[in-house]
Amino acid sequence: MRQAAAAYVPRPRIPLNDYGVLGDPPEPGAWTPTLPVSVVVSTLRGHARSLPLTLAGLAAQSYPDHLLEVIVVDAGDGPPVVLPDRVPGRTRVIRPEPGTSTTPDAGAAVADGHVVHLLDADLVLLPEHIEAHMRWHHLADHLVVLSRPRHAPGMDGTRMDGRLDRRLDTTSDLRAAGPKAFNAMVGVPASVPAALLRASGGWQPSGEYTELGYRLALAGAVFVAERHARSVHTGTPAEPDRSYLAEHVPTLRRLRKQRRTHLVPYVEAVVPVGDAAAEDVRATVDGLLASDLHDIVVIVAGPPTTGVRAIREAYAGRSRVVFAEDAPGMASRSVPFRFHCPPGWVPSPQTLRSIVAFADRKALGVLSLALDEREGVVSARLERTAAMNRARLLARPGEDLDDLVHETFGTLWEAGETWGIAPASAPRPETSRPGQRRVAARRSRNPLRRGLVGLLTRT
Amino acid sequence: MRTGDPEQGDSREEAGVVRSASRAPRTWGTSAGFGHCPEWLGRVVDGFSGPWHVPDAAGAPREPYDCVVVAVRTLSDLRRVVPMHRLLPSAGRVRVALAEVPPWATEPIPVSGQSDAWRHLADLRITRTTSGWHLDASFAEPVAAGEVIASVARGLLGTGRHMSQPVIGLAGDHADEWRPGDANATPVELTLPPPERRDAPGCDLLLRLGRDHDHDHDHDRDHDRDHDRDHDRDHDRGRDGGRSRDRAEVRAGGAHIDLGAGRDHADPGPLPPVDEAVINPIGFKRHPTGPLAVLGPDFAVTGGSDVLVRLGPRGELTDVEVARLRDVRGVVIPSCDGAGPAPIRMASGVTAGTAVATVARIVAGLAAAGVPVIARPDAARDAALGPELAEAVAAVGEEDLASDLRREETAIRLRRIALRAHGAVARWRAIAASAGLPVPPEPMVSVLLCTRRPEMIPFAIQQMERQRGVRLELIVGLHGLPAGSVPATSLPVTVVEAPGGLSFGALLNRMAAAASGTFLAKVDDDDWYGPDHLADLLLAQLYSGADLVGSAPEFVYLEPIDVTIRRRVGTERFAPFVAGGTVLITRAMFDAVGGFRPIPRTVDGQLLEAVQAAGGRIYRTHGFNYVLRRRNAREHTWRPPVQSFLTSYEEQWRGLVFNALMEDAPAYGRQK
Chain S
1 MRQAAAAYVP RPRIPLNDYG VLGDPPEPGA WTPTLPVSVV VSTLRGHARS
51 LPLTLAGLAA QSYPDHLLEV IVVDAGDGPP VVLPDRVPGR TRVIRPEPGT
101 STTPDAGAAV ADGHVVHLLD ADLVLLPEHI EAHMRWHHLA DHLVVLSRPR
151 HAPGMDGTRM DGRLDRRLDT TSDLRAAGPK AFNAMVGVPA SVPAALLRAS
201 GGWQPSGEYT ELGYRLALAG AVFVAERHAR SVHTGTPAEP DRSYLAEHVP
251 TLRRLRKQRR THLVPYVEAV VPVGDAAAED VRATVDGLLA SDLHDIVVIV
301 AGPPTTGVRA IREAYAGRSR VVFAEDAPGM ASRSVPFRFH CPPGWVPSPQ
351 TLRSIVAFAD RKALGVLSLA LDEREGVVSA RLERTAAMNR ARLLARPGED
401 LDDLVHETFG TLWEAGETWG IAPASAPRPE TSRPGQRRVA ARRSRNPLRR
451 GLVGLLTRT
Chain G
1 MRTGDPEQGD SREEAGVVRS ASRAPRTWGT SAGFGHCPEW LGRVVDGFSG
51 PWHVPDAAGA PREPYDCVVV AVRTLSDLRR VVPMHRLLPS AGRVRVALAE
101 VPPWATEPIP VSGQSDAWRH LADLRITRTT SGWHLDASFA EPVAAGEVIA
151 SVARGLLGTG RHMSQPVIGL AGDHADEWRP GDANATPVEL TLPPPERRDA
201 PGCDLLLRLG RDHDHDHDHD RDHDRDHDRD HDRDHDRGRD GGRSRDRAEV
251 RAGGAHIDLG AGRDHADPGP LPPVDEAVIN PIGFKRHPTG PLAVLGPDFA
301 VTGGSDVLVR LGPRGELTDV EVARLRDVRG VVIPSCDGAG PAPIRMASGV
351 TAGTAVATVA RIVAGLAAAG VPVIARPDAA RDAALGPELA EAVAAVGEED
401 LASDLRREET AIRLRRIALR AHGAVARWRA IAASAGLPVP PEPMVSVLLC
451 TRRPEMIPFA IQQMERQRGV RLELIVGLHG LPAGSVPATS LPVTVVEAPG
501 GLSFGALLNR MAAAASGTFL AKVDDDDWYG PDHLADLLLA QLYSGADLVG
551 SAPEFVYLEP IDVTIRRRVG TERFAPFVAG GTVLITRAMF DAVGGFRPIP
601 RTVDGQLLEA VQAAGGRIYR THGFNYVLRR RNAREHTWRP PVQSFLTSYE
651 EQWRGLVFNA LMEDAPAYGR QK
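Residue numbers (my numbering), protein chains in the order written: chain S, 1 to 459; chain G, 1 to 672.
This list has only true hints and no planted wrong ones.
Just some of the chain G residues that point at chain S, by a computed CB distance under 10 Å:
(1) 560
(2) 561
(3) 644
(4) 645
(5) 646
(6) 647
(7) 649
(8) 652
(9) 655
Derived Cβ-Cβ restraints for the label pairs, each shown as a range:
(10) S:310 <-> G:601: 41 to 49 Å
(11) S:322 <-> G:575: 49 to 57 Å
(12) S:361 <-> G:601: 37 to 45 Å
(13) G:184 <-> S:362: 54 to 62 Å
(14) S:11 <-> G:664: 28 to 36 Å
(15) S:376 <-> G:575: 32 to 40 Å
These are computed hints drawn from the structure, not numbers from a lab.
C-beta atoms are modelled at their ideal positions from N, C-alpha and C, and glycine is treated no differently.
Whole structure, please, built from the sequences with the hints as guidance.
Written out as structure tokens, the structure reads:
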């Protein structure tokens with residue numbers, strides 16, 4: 001019966017993060033839930049004292065008992081957790097073996113609900129909390145629902161609270177937050193469809209909720225702010241670990257001011273070797289490596305022919321160049337942008353930074369750059385991982401992913417020349433100041449534009 | 001001499017008495033358009049500050065003057081002087097001051113024609129003033145000043161204007177604005193029969209405008225007119241009941257026109273026509289920077305707290321005002337009955353009916369000029385506008401003007417209707433028809449469709465069948481195809497076959513030889529055309545007077561990447577290039593340049609060059625009726641590669657996307 005209930009959740013096409021297209025969710029009590037939820041209560045921070053309160057709050061939920069299971073993850077840093085008297089019907093405690101993950105992920109791994117609801121043991125829920133979250137999950141299967149706990153009097157909880165509040169107010173409850181909506185995920189309570197959590201890579205050890213939110217966004221999630229799911233936080237909010245976030249969340253650009261590489265690159269540039277000449281490939285790779293974005297990685301994709309081996313030799317010492325046999329399929333789960341550049345075409349040092357900024361400004365899912373037209377159109381292409389994964393999530397068999405990207409994020413064609421991509425054979429132009437690139441390119445008298453005069457008079 | 005004009009009488013007497021002495025030069029001046037800014041009139045002509053006379057339908061002063069000064073504020077006002085040109089006296093020197101011109105206007109270089117006057121020309125100076133022009137012509141002996149005025153008007157707005165038949169007699173105040181620019185009109189004194197022409201009646205139709213009492217304080221241009229003289233006549237005509245201020249009436253004037261019983265006069269409609277030669281979309285701005293403006297009290301159009309323009313008290317809208325309104329997104333017209341937020345307050349003594357007619361005139365003028373208007377329905381005003389325009393105006397909401405694309409679509413819809421309902425050419429066709437005069441048929445357009453691709457012929461013919469508001473015939477050129485390739489169609493079709501070896505230009509010339517239309521339009525077999533494509537081109541030809549008109553290739557479907565773009569192309573202006581698939585040329589200019597060059601490619605471009613070389617003018621109108629199909633490179637030899645379209649686009653849509661004016665064009669051959 002559980003299987004049947006979980007079988008179908010609609011997959012509406014939500015543009016960017018504007019979940020307003022879903023309409024208003026049903027009022028608590030006025031609908032019939034069908035999806036099971038697994039509540040994962042983490043005691044990671046030694047909340048053993050407040051756990052009975054949390055479990056009592058869960059026991060009083062309006063959400064049907066048969067759809068609710070509770071998994072208490074015993075962090076193992078104190079005496080074993082003992083369940084109090086008042087707990088929901090299906091409650092279990094897992095205590096991971098020493099040396100394995102002691103995070104909510106451990107709980108999520110054993111959870112069999114359709115939705116994983118993440119809690120800390122220092123949260124007390126009001127009775128309609130779970131229902132308020134779950135009503136959203138019945139509307140779409142890729143929503144991450146966030147709610148904001150109130151802080152118990154006397155606790156120092158204003159900082160985190162204010163951060164989320166401000167975001168919600170300026171983005172009409174995240175509907176207008178666009179690709180940056182994940183920033184709002186700063187802690188629990190948060191509920192995530194189990195499949196989406198798995199697709200995002202799950203909870204990382206010593207992780208941050210912002211980092212989880214970032215990976216969920218990359219997996220295609222839409223973030224919903226639920227103001228009616230009330231809870232009270234009795235603990236002290238944790239400070240985010242900035243250096244961890246700097247390494248793991250490339251889109252937090254303000255944390256990456258230094259010109260160096262980081263653990264997770266910002267852009268993954270793919271150069272398919274194909275039957276291109278080695279010097280063309282090298283020109284392209286060199287151009288990419290000269291980018292003024294430093295946290296990038298270049299993937300040279302092609303079977304190990306003689307030419308590729310020579311290229312490998314040339315970049316043996318460059319840690320930012322990676323070799324792959326085939327063009328990689330799905331972008332790795334943690335890199336926000338992928339840039340495909342055909343060999344023989346050389347981006348200017350400003351190209352990557354300016355196209356990514358442009359794609360962010362216009363919230364584009366795919367930016368295609370037409371380079372040349374021979375038999376077909378030769379083009380470079382910048383893909384936003386979040387958009388591509390959202391499209392994969394939504395695509396029905398036979399549907400074109402780009403159509404879906406266009407529906408949810410947006411696609412655009414531009415000329416590569418506008419963004420400073422030149423053929424390898426062309427003389428290198430003088431580089432202009434960063435940030436001026438686009439303007440300069442637009443303003444220049446280019447021969448193609450003059451060629452358009454011919455169009456007006458074509459036969 | 002029947003006028004009581006004291007200045008004129010005095011000067012004549014004086015001239016008679018002291019002829020031999022060194023007399024002051026006798027100067028006769030007339031002005032138009034300075035009614036609501038008389039202080040400007042004093043400054044517009046150096047060394048002459050009046051008196052200003054009104055041309056009198058009783059006839060021009062017979063004795064030549066030393067100098068005739070004609071001061072007009074705008075092109076519109078100059079066009080109003082032209083039908084009265086026979087009433088100007090002759091003089092040895094003629095000065096024309098044009099106070100202000102819109103940015104698109106050409107220079108006032110006279111086009112002499114057959115006129116005798118210019119054979120005596122001794123000196124001609126054309127000087128640019130701060131906002132306009134001053135023309136000073138001296139002649140060896142006195143010439144008719146009116147002929148000089150007519151030549152200047154021809155030079156400014158071209159000779160290819162079609163409004164002279166039938167000959168209209170104009171009687172009464174402001175009758176001149178009913179036949180703007182018509183040098184062949186006959187000015188008639190209200191009480192007298194029209195003067196005869198040589199072996200012909202003086203006019204075919206006589207337009208009489210009565211005046212009612214309410215209107216005596218009209219200060220438009222006749223501020224020195226002697227009002228008393230018309231008083232008795234007004235009493236005679238009191239039957240109007242004061243509902244309309246200028247009661248217009250058209251009477252058959254020619255004895256040779258046989259009107260049935262009870263049909264000896266016709267109602268020309270409550271509003272004077274819109275002079276499409278000067279009130280038109282030329283100079284339309286696609287991206288206005290200003291806000292929505294509001295038509296306020298005393299016909300001042302205000303944007304925010306600024307008064308942008310002040311219209312004449314009778315709703316006169318001129319080219320200069322239109323040019324100043326180009327940057328507003330639209331004009332909100334408050335309702336006349338006081339229901340709106342700021343009802344239009346009229347000067348005391350003006351009846352409500354007058355206000356309604358005046359507002360209707362402003363709405364029609366703005367709509368014809370491509371300035372979108374927002375107006376709530378008002379039964380009296382809508383009756384004056386006519387049902388079609390009233391409906392179109394009522395359909396416009398503020399949200400239609402929010403985006404530049406929607407605004408332009410709205411503007412095109414409005415002007416199309418306004419120019420067809422209220423444009424002078426269209427109105428006079430209707431008036432002549434209602435007066436029982438035989439009206440010549442609408443000009444015929446011969447569509448030249450040349451193809452090498454049999455699979456595209458049904459698609460192309462379907463698009464021509466969709467054309468509306470135009471009389472057309474189709475000339476299909478089969479370039480190396482068998483004759484059976486043309487499907488049955490409701491259009492008159494002529495098929496011209498040619499071997500594939502014949503050059504494209506030569507084939508087009510053969511097709512043109514088989515065409516019988518006044519205009520030749522070239523269309524391409526694979527592009528998309530909106531249903532008003534040809535009608536809009538004809539309209540553009542009408543208001544621009546150009547020899548060749550065409551659309552801008554604004555919308556392009558890039559087939560290789562399945563994207564539709566809107567390009568940044570200036571439209572509604574005289575420009576050397578138009579899209580090759582949208583060329584519409586007058587038969588006269590086509591014959592003058594000898595047709596297409598007999599070469600295989602770029603024949604359109606060569607035709608444009610030839611027209612320019614022959615002194616013709618080329619006008620580029622909007623591109624909303626045309627989507628260019630940029631095919632894959634391997635199917636077509638394309639000089640600009642696809643990426644060059646992407647360097648200067650304004651908007652972009654995924655897939656093949658049509659604007660609203662295309663009205664669901666057949667999507668033949670869409671990729672995928």
